[in-house]
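Throw the hints in and build the complete structure from the sequences for me.
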Amino acid sequence: MADDYEFETEIRVRFRDLDPMDHVNNAVYSTYLEQARADYFREVVDVTLADVDTVLASLSIDFHRPIEPDETVTIALTVSDLGTSSLSMEYEVRRGDGAVAATAETVQVAYDRETESSRPIPDEWRETIEAAR
119 MADDYEFETE IRVRFRDLDP MDHVNNAVYS TYLEQARADY FREVVDVTLA
169 DVDTVLASLS IDFHRPIEPD ETVTIALTVS DLGTSSLSME YEVRRGDGAV
219 AATAETVQVA YDRETESSRP IPDEWRETIE AAR
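Under the working numbering, read the sequence shown as residues 119 to 251, first letter to last.
Pairwise CB distance ranges, derived in the manner of DEER restraints:
(1) A156 x D199: 17 to 27 Å
(2) T166 x R251: 19 to 29 Å
(3) E245 x F133: 40 to 50 Å
If you're looking for bench data, these hints aren't it; they were derived computationally from the structure. Note that CB positions come from ideal geometry on N, CA and C, so glycine has one too.
See the structure below:
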């Protein structure tokens with residue numbers, strides 16, 4: 119694992135992820151990032167993404183190299199900023215040969231479904247995330 123990232127997960131490229139150019143379609147990368155977030159929350163914070171109640175406020179992806187069929191990609195992530203109600207994550211998407219295929223950033227905001235507004239990140243999540251950083 120790269121020193122700048124505190125968590126990694128692997129994702130196998132599926133046939134349905136490919137586009138007519140026979141590489142992973144750009145839209146699929148956001149699904150890979152979502153899966154990495156889900157794995158992070160489950161394995162590090164010990165909650166499922168369904169229990170997290172965050173909304174994606176921002177997503178930025180820079181594409182560097184294509185990902186080919188039949189690869190297993192590694193998504194490395196770190197929580198780069200932990201605010202009162204939001205957390206920013208930085209990602210590195212690596213191909214099977216270790217080359218960086220993409221880098222990305224997301225901002226998630228803790229969300230209260232009843233009031234339809236942001237809410238503070240729960241203290242127990244904050245403590246767990248801080249300990250993992």
